[in-house]
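Participant: We have chain R already, so just place chain D on it with the hints.
2 protein chains.
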Amino acid sequence: MSLLVVGSVAFDNLTTPFGARKEILGGSATYFSFAARFFSPVRLVAVVGDDFPEKYIKLFEDKGIDIEGLEIARGKTFRWEGEYDWDFNAKTISTSLNVFADFNPKIPKAYKNSEFVFLANIDPDLQAKVLSQVKNPELVACDTMNHWIASKQNNLIKFLKKVDIFFLNDAEARQLSGEKNLLKAAKQIMKFGPKRIIIKKGEHGSLLFAKNSVFSVPAFILEEVYDPTGAGDTFAGAVMGYLAKCGKVNEKNLRNAIIYGNIMATFTVEEFGPWRLARVTRSQVEKRVREFEKLTCF
Amino acid sequence: MSLLVVGSVAFDNLTTPFGARKEILGGSATYFSFAARFFSPVRLVAVVGDDFPEKYIKLFEDKGIDIEGLEIARGKTFRWEGEYDWDFNAKTISTSLNVFADFNPKIPKAYKNSEFVFLANIDPDLQAKVLSQVKNPELVACDTMNHWIASKQNNLIKFLKKVDIFFLNDAEARQLSGEKNLLKAAKQIMKFGPKRIIIKKGEHGSLLFAKNSVFSVPAFILEEVYDPTGAGDTFAGAVMGYLAKCGKVNEKNLRNAIIYGNIMATFTVEEFGPWRLARVTRSQVEKRVREFEKLTCF
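Protein sequences appear in the order of chains R and D.
Residues 259 to 556, numbered by my numbering, are exactly what the first sequence covers, in order.
Residues 259 to 556, numbered by my numbering, are exactly what the second sequence covers, in order.
Worth flagging that the hints you see were computed from the coordinates, not collected in a lab.
Among these hints, one or two may not hold up.
Copies of the same chain look alike in the list, so a pair counts if it fits in one copy or across any two.
Simulated pairs of lysine-lysine, BS3-like, Cα-Cα distance not exceeding 27 Å [what the hints assert, rightly or not]:
#  : residue 1 : residue 2
1  : Lys-349   : Lys-459
2  : Lys-552   : Lys-438
3  : Lys-438   : Lys-459
4  : Lys-552   : Lys-453
5  : Lys-552   : Lys-442
6  : Lys-545   : Lys-469
7  : Lys-469   : Lys-552
8  : Lys-449   : Lys-459
9  : Lys-552   : Lys-503
10 : Lys-445   : Lys-545
11 : Lys-445   : Lys-552
12 : Lys-552   : Lys-459
13 : Lys-449   : Lys-552
14 : Lys-459   : Lys-420
15 : Lys-545   : Lys-442
16 : Lys-280   : Lys-438
17 : Lys-438   : Lys-416
18 : Lys-419   : Lys-459
19 : Lys-321   : Lys-506
20 : Lys-510   : Lys-545
21 : Lys-459   : Lys-445
22 : Lys-438   : Lys-349
Isolated chain R (complex conformation) (with noise of 0.2 Å):
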């Protein structure tokens, strides 16, 4: 199935307790299509803007990640600002919009018969736009974050309507629902329309909600967390990545998705930035599969 992620590519200037990195090519798409592409083709949509080297655009292409969606425009790309203690909880320093600010994002023609489409953590007003300009899809699946449940609650409602599956960590499903217990903070969310609810809990592992079944996954058990950065992201790349190469959304091809999101952000996490994760080969990715079936079964 064709896969189309809507998100953004940016720059980071991150501190861990591992060290500071400035100027990392970051964004919710970058990492998204850097892990979807490992199972499926993927259709990218964002904004850069004309400071982006060539070098990284040539490396989307390398990957072989369509970019025929990314515009570039005239000014500065997206810089976020980010630090992270030892509980690896992002707290944004500095947020400087740039190009993204006028983001009005265009979905090209080849762009418009998509099935399966995912809208990274944008303002939910964006995500329904972009929506609106695909015909059909199959699958559409959404993230979202503290700041746009607390400034456009309604807005992210009504959109919910539209979705499949909605990706939130756990904090937010708390935020958005009301609820303090995740079960009932995911039944509370269903009811705005996704029939599907996937919670990430960083370290704690994930969830996956659906009307009868609960799906519970915890985190592979790392040594060496550098960089929590696109975790999510990767996650989220990959379990629909894995979806759009098997075509059909049930519960097994969901909660092996859910495995191989899990697996993936592992190599996110262990370098500053995306290298990792696009260094990653298939051998190694299957290697820390079976490990992790070690780790968890009984």
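Facilitator: What follows is chain D alone, placed relative to chain R:
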């Protein structure tokens, strides 16, 4: 295998987001033995005051728990007052040791041949003193808490040389090892002696570390958690009871033991005090184990 537990029998005053209860039967040895007896006969060593009601003595007997080692001392039973916020981390409001202050556990003659020994969360010097009274136990397991790590770290580390399985929670593992990463923390703690470390993560499940393997299991997903008091002791009781029933401690039995520990603890937290745990039936437990398999399989 015969299973001995040494710990506390107490009264708790509890406040959770769901209400408050006073003078609830509690204590580590209570929850431990209520869970363990489900799988294996259990011998209890603890002390209560002369205010401890006859009906509770009878309750232990009715549950088939051997209470020859339950000393009734002059004075009042140990009291603990605790409060939980939505994150379900316990905050101690007050501790009245009462008869527990002078607890000098004497192992009845009939208990000295116990093959499996669990030393619940008490002063590591007392843990050592108790253990020295048991003749060549096959398996020694223990728990601890932040208080002993802070106040008697050296004595605790010395005692750990004699321990096969060490139960502790994630915060305690970080505190004792000085490592933030749980894999590193477990490796460090294994150097103190224990061949296996079980790290309890509350609503996030648990981890089993051995020399060459790790097992990670999420928690069961519950819609209602009323009172987490005793969940960790219930978990340990079920793990040790299951192992005592198996007779042999290997990776397979330990993983299954942890699943039962996980499941038994879900009953404990569904009501204030040990009452749901006290009522649970074999078929209810097995039903929930099957649900857990559905929750986690991929």
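Participant: 27 Å Cα cut-off: does Lys-545 pair with Lys-469 within a copy, between copies, both or neither?
Facilitator: Classified as between: cross-chain Cα gap 20 Å, same-chain 33 Å, threshold 27 Å.
Participant: Tell me, please, which holds for Lys-349 and Lys-459 at an alpha-carbon limit of 27 Å: within, between, both or neither?
Facilitator: This pair counts as both: shortest intra-copy Cα distance 16 Å, inter-copy 24 Å.
Participant: Pop the pair Lys-321 and Lys-506 into one bin, within, between, both or neither, using alpha-carbon distances up to 27 Å.
Facilitator: For Lys-321 and Lys-506, only the intra-copy Cα distance (25 Å) is at most 27 Å; the inter-copy one is 51 Å.
Participant: Please sort Lys-552 with Lys-438 into within, between, both or neither, judging by C-alpha distance up to 27 Å.
Facilitator: between (32 Å within a copy, 24 Å between copies)
Participant: Pop the pair Lys-459 and Lys-445 into one bin, within, between, both or neither, using alpha-carbon distances up to 27 Å.
Facilitator: Both: 17 Å inside a copy, 24 Å across copies.
Participant: For Lys-449 and Lys-459, with the copy left unspecified, which applies at a CA distance of at most 27 Å: within, between, both, or neither?
Facilitator: For Lys-449 and Lys-459, the Cα distance is within 27 Å only inside one copy (21 Å; across copies 30 Å).
Participant: Can you tell me if Lys-552 and Lys-442 fall within 27 Å by alpha carbon in one copy, between copies, both or neither?
Facilitator: between (31 Å within a copy, 19 Å between copies)
Participant: For the identical chains here, do Lys-445 and Lys-552 meet the 27 Å Cα criterion within one copy, between copies, both, or neither?
Facilitator: For Lys-445 and Lys-552, the Cα distance is within 27 Å only across copies (19 Å; inside one copy 31 Å).
Participant: Taking 27 Å as the upper bound on the Cα-Cα distance, should Lys-552 and Lys-453 be classified as within, between, both, or neither?
Facilitator: between (31 Å within a copy, 19 Å between copies)
Participant: When no copy is specified for Lys-419 and Lys-459, does a C-alpha distance of 27 Å or less occur within a copy, between copies, both, or neither?
Facilitator: Answer is within: at 24 Å inside a copy they meet the 27 Å cutoff, but 35 Å across does not.
Participant: Is it within a copy, between copies, both, or neither that the alpha carbon of Lys-280 lies no farther than 27 Å from that of Lys-438?
Facilitator: Answer is between: at 25 Å across copies they meet the 27 Å cutoff, but 37 Å inside does not.
Participant: Cα distance capped at 27 Å. Does Lys-459 pair with Lys-420 within a copy, between copies, both, or neither?
Facilitator: within (24 Å within a copy, 36 Å between copies)
Going down the numbered hints, you'll see the structure goes against none, and every one checks out.
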